[in-house]
Every structure is written in structure tokens, then in C-alpha cells.
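Heads up: the sequence lines are chains X and W, in that order.
Taking the numbering used here, the leading residue of the first sequence gets 42, the next gets one more, and so forth.
Taking the numbering used here, the leading residue of the second sequence gets 3, the next gets one more, and so forth.
If you're looking for bench data, these hints aren't it; they were derived computationally from the structure.
Check the hints yourself; a few may be wrong.
Said to hold, decoys possible - Which bits of chain W does chain X cover? Going by a derived footprint, with three or more residues having C-beta under 8 angstroms, they are:
(1) 11 to 20
(2) 49 to 61
(3) 131 to 141
(4) 160 to 172
Note that beta-carbon positions come from the ideal geometry of N, C-alpha and C, so glycine has one too.
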Amino acid sequence: METNRRDLTPDLFRALDVDRREGERIAGPSVGFWKDSWVRLKKNRGAVISLAVLILLFALAFVVGPLLSQYSPYAQDLSRRYSGPSASFWFGTDEFGRDMWTRVWEGTRVSLYIGLLAACLDMFVGVTFGAVSGFLGGRVDDVMQRGIEILNGIPYLVVAILAMVVFNPGIITISIALGITGWTFMARIVRGRMLQLKEQEFALASRSLGASGSRLVRKHLLPNSLGPIIVNLMFTIPAAIFAEAFLSFIGLGIQVPDASLGSLISDGAGEIRFHPYLLWCPSVIFCLLMICFNLLGDGLRDAFDPRMRK
Amino acid sequence: MVITLFVIISVTFFISKLLPGTPFADDKLTPQIRAQLYEAYGLDQPLYVQYAKYMLNVAQGDLGNSFYYENRPVLQMILERAPVSAFVGIQAVIFGLVVGMVLGIVSALLHNTYWDTAAVVIAVLGVSVPTFVLGPVLQYVFGVKLGWFPIAFFESWRYSVLPSLALSVFVISTVARFVRSEMLEVLGQDYITLAKAKGLSGLAVIVKHVVRNAMIPLVTVLAPLTIYLITGTLVVEQIFAVPGIGEQFVQSVFVNDYAMILGTTVFFSVFFIIALLLQDISYGVIDPRIRVSGAKE
Numbered sequence: 042m043e044t045n046r047r048d049l050t051p052d053l054f055r056a057l058d059v060d061r062r063e064g065e066r067i068a069g070p071s072v073g074f075w076k077d078s079w080v081r082l083k084k085n086r087g088a089v090i091s092l093a094v095l096i097l098l099f100a101l102a103f104v105v106g107p108l109l110s111q112y113s114p115y116a117q118d119l120s121r122r123y124s125g126p127s128a129s130f131w132f133g134t135d136e137f138g139r140d141m142w143t144r145v146w147e148g149t150r151v152s153l154y155i156g157l158l159a160a161c162l163d164m165f166v167g168v169t170f171g172a173v174s175g176f177l178g179g180r181v182d183d184v185m186q187r188g189i190e191i192l193n194g195i196p197y198l199v200v201a202i203l204a205m206v207v208f209n210p211g212i213i214t215i216s217i218a219l220g221i222t223g224w225t226f227m228a229r230i231v232r233g234r235m236l237q238l239k240e241q242e243f244a245l246a247s248r249s250l251g252a253s254g255s256r257l258v259r260k261h262l263l264p265n266s267l268g269p270i271i272v273n274l275m276f277t278i279p280a281a282i283f284a285e286a287f288l289s290f291i292g293l294g295i296q297v298p299d300a301s302l303g304s305l306i307s308d309g310a311g312e313i314r315f316h317p318y319l320l321w322c323p324s325v326i327f328c329l330l331m332i333c334f335n336l337l338g339d340g341l342r343d344a345f346d347p348r349m350r351k
Numbered sequence: 003m004v005i006t007l008f009v010i011i012s013v014t015f016f017i018s019k020l021l022p023g024t025p026f027a028d029d030k031l032t033p034q035i036r037a038q039l040y041e042a043y044g045l046d047q048p049l050y051v052q053y054a055k056y057m058l059n060v061a062q063g064d065l066g067n068s069f070y071y072e073n074r075p076v077l078q079m080i081l082e083r084a085p086v087s088a089f090v091g092i093q094a095v096i097f098g099l100v101v102g103m104v105l106g107i108v109s110a111l112l113h114n115t116y117w118d119t120a121a122v123v124i125a126v127l128g129v130s131v132p133t134f135v136l137g138p139v140l141q142y143v144f145g146v147k148l149g150w151f152p153i154a155f156f157e158s159w160r161y162s163v164l165p166s167l168a169l170s171v172f173v174i175s176t177v178a179r180f181v182r183s184e185m186l187e188v189l190g191q192d193y194i195t196l197a198k199a200k201g202l203s204g205l206a207v208i209v210k211h212v213v214r215n216a217m218i219p220l221v222t223v224l225a226p227l228t229i230y231l232i233t234g235t236l237v238v239e240q241i242f243a244v245p246g247i248g249e250q251f252v253q254s255v256f257v258n259d260y261a262m263i264l265g266t267t268v269f270f271s272v273f274f275i276i277a278l279l280l281q282d283i284s285y286g287v288i289d290p291r292i293r294v295s296g297a298k299e
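Could you put the whole structure together from the sequences, leaning on the hints where they help?
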């Protein structure tokens, strides 16, 4: 036992050469929010495929599709009516002999325009409303929330139908009609984020540095709410496309000779017995659009907020 | 609620007055007769008088008379047609709930198997494929090709099968998705481990603990489903020529039947508001925590 006994003297110890700054270093490279989300999104096979298909559809609708065919979507030629899909008319022709390939892409373009426009409106109105309501709080918040509750009680398609009849149906009218009725959900989400974020330390820090309310909202609170906003947009776009197609389907949306996916499907539904390809082509594109937006939305939601993942 | 209704009725009233054209667009009518008709329906009076009159009538439960259908009371016509819509809708919801729950439960229990993937694919398709694509396809497959069910009109139960089926697909997929994610969450809870540790059989755990707890939050899909049913009715009744309220509404918009437009809108709104209210109440009943935090405010 004697041998094991030793006095611990300071000279037995040697100071480790430590760089003070090392303490600040985090193991592994720091990854930003966007990059982190992107990495997670890439792991989601469904979302990545959807993104690719969407890009393809966008390209076909806006650039490539019309270029691949020399026919105009409006040129009628009764000598070639109802010719089925063939080498010269890839999706066939309709009852007036118009080329379905270009018409379908024309319709897709209209649908995408409406989806994006409605989403922009939704974002603009919804985010502003929600931010003001959530940030100011108190009585202002109460009044604004009551307003939203009233708007929520209105079935939006009913209002959209009435709006379509009163005003001239067109891309802008449809987008506005869908925009004014659809922004409440976005406003709620943004308000919730505001309520949650404005009490946090970084908001307090910014405020104590003298930031004004509007600066605080614009520079700190909104950027921190971008995730949920984008996810919600991803679900707004297909909803708007669906609503437009529905309006066109009952004959209140895009008017002839212009095409939208809804009006094409509506025309095709009438011809299903003898010319089913008139229904299939626009329907398949339409379903693809809906599926991809939905899957991408799901993927983004999981990527932005992994805790929500189920 | 009353305020909401008031706003909705007012907005619809003024929008419907903005509608182009008139309910009496028949060319055979001479200007004198048209003027008499306007007078008979009170359409010659200033707008605010019409508005006040209408509001007073609505407050007494009188939705006015249809302009198009020979002066029949709107309320009576709606009530005649409502059961048809309700029948198709309820049938669709029941079918959708049952199938959706089975799909959801199966896919959660067989998580990460091919069954699960198949159920998820069905659910995504169901949310994405709109009724107005599905409707014609169902008509074609079951009506024209197989000849199992009639494709349009509404005379007996057989006529309601295809419309209900078209409506139920969305219900199936919403419910399936929801039940699946809830089930997966509940399956990971401690009390499930406890129940198993107590020695309960697998089936008893699933039926008594997992399914029961997973079903509770299902009320949250009530409001979206109601919205869907309303819009769905508009489409499905149009496609299958079902004489319900949805078809009535679309038709009245086209023929400028002001009273009918207003009446159906009010009807839809009341229906929707009641669904929202039920949902709010059921939250409190099911989850007492919400009630407590609500009382503090």
C-alpha cells in the first residue's frame, strides 16, 4: 500500500495548450436553415420526384409544349375533327379539329397562372393581416380575429361562383375571387407564429437595440415564419387550381375559345363514350399537377419542421 | 354566429343584385308586363327598401318566393331537395369513414410494408384526383361499360351509388391519412407499452387503447369535410343530374333567380356554421385542456 501512496504536487500536472476560441467552435460545420431543409427534402423521394415533374410540367406549359407542335390551340379545321392521338396530333383533336396537345398545355399554363396569382394574393393579404394582428395583439387582434371568423363562415366556392357571374370571367377575376376568400388560413398561421416569436429573446434583443415595430416584423419575425408560409403556399396553389377547374367545369370559369384544364376536362367528360382521349389527356395532367403539389407540400412541411413529421 | 350570417346574407344580397340580366328575360314579355312583374316582386323599389324587406323576412324564417319556378316558396323547394343531397352526402360520409378508418388502421399496423405504401398511395390519389374527373370515369366504367348502376338522375337507391362513391373518395383518403398518422403516434405512447405489459392481448390493446385514442382527434377533419361536401355536392349533382340543392344553386345562378340564390347560400352557410360550431364544442368535450385554457382568457 505504501508504494501506491503519492502526494499530488502541482508539478505533476501540465497545462494543456488550449485555444480559448476553440470553445466557441461547434463540432461539425454549422448548417443554415435553408441548407438543412434542403438536405432533408432531398431524402424524401416522393417530394424530389414531384419537384422534378413540376419543373417538367412548367417547362412544357410555358416553353417547350407549344414549340413541339406547329398547330395553334385556336385554329379550327372541321375536316380533321375527332382524330385520335396520332403522330401529327399527339393528344388528338377536339370536335372543332383543334389540336389538343397545344390546347392542353395552354390550359395548364392558365391553371398555373391562376394558382400562382392566387397564391401571391393569398400571401400578400394573409401575411400582412396575420402579421399585424399577431404583432399588435390586444384589442386590434380581437377585432381582426372576429373578422376572420366571419369570413370563415362563408363557403368560398359559393362566393366565387357569384363573383364569377357578376364580373367578367378571366384569369385575373378568378384569381382575385379565389384570393379574397382564401387568405384567412394563411393569416391564422402567420398570426400564430407572430404570437409565438414576438416573446422570444431575439425579438427582445432587437427591440432593446432600438428597432421599430415594423423593422422587427420585417427583419426578424417574418423571416422566421417563412417555413410555414411556404408550406401553406404549396397547398394554396393546388387548391386554387382545383377551384378554377371546378368553376370552368360548371361553365363559369375561363370562357371559350380559351382553354383551361377544367374546361377541357368538362368538354372531355361529355365525349367520354366515343372519344375518351379527350378526357384522359387533360385529366392526367391535372391529376399530376395536384399530386405533385400535394406531395411537395408534404415534403416541405417535413423538411422545414422535422418535429412535425409523422 | 348571428353576425356571421347577417354579413353573409348582406353580401350575397348585394352581389346577386349586381348579377347581369334579369330573372324575366323572356322576349315575349312586353315592357308593360315586365314592369308589372317587377312591381309584383318588389323589384321596382329602391335597393335599400328591398334589402330591409328581405332582411325582415329572413328574420322571420321566410326566404321569399322563387322567381323562376312559378312563385313557389324558396324554403319549401330547398327542403324538398335537401333530403336528396343529405342522403347522398351521408351515405358518402359513412362509407368514406368506414373504408378510410380500415385503410388507416391497416396501414399503421403494417407500417413500412407494401400494404402501408399502397394505402398511402390510394390516400394521395384520392386527395389529388378531383370529383369532376372521377365522376365521368365512374359513369363510364360502372354505368356504360359494366352497366351495374344507372349513370344519371335519381329514382331509387341504385341511382345514389355512383354519386356517393364519387363523393366518398375524398373522405376515404382524408380519413385514412389522418387515422394513419394518429395511430402511429399513439402506438409510440407509453400507455400502449403499459397495456401490453399488463398482458393484454394484441387485439385488445389495439381495439381498446390504440384505435380509441387515435379516433378522438378525428373531429378536427369535420370542418374541412363539411366544406368539401358542400362544394362536392355542387359538382357531383351537376355530373350525375341529382336533383339536390347543389344543382339547384348552380341552376339558379344561371337563370338569375335572386331569391333562390340567396336562399341556397343562406342554407349552405347555416349548414357550414353549424359544423364549425359542433367542431368547437367537440374540441372542448374531448380535450378538457382546451376548455381550461379557453376559460382563462
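Comparing the hints with the structure gives:
Coverage of the stretch 11 to 20 of chain W by chain X holds. Counting CB-CB distances below 8 angstroms, 5 residues qualify, and the rule asks for three or more. For the stretch 49 to 61 of chain W, the assignment as covered by chain X is violated, since 0 residues bring a beta-carbon within under 8 angstroms of that chain's beta-carbons and 3 are needed. For the stretch 131 to 141 of chain W, the assignment as covered by chain X holds, since 8 residues bring a beta-carbon within under 8 angstroms of that chain's beta-carbons and 3 suffice. Given as covered by chain X, the stretch 160 to 172 of chain W fails the check, having 0 residues with a CB less than 8 angstroms from a CB of that chain where 3 are the minimum.
The earlier numbered hints that this structure contradicts are 2, 4.
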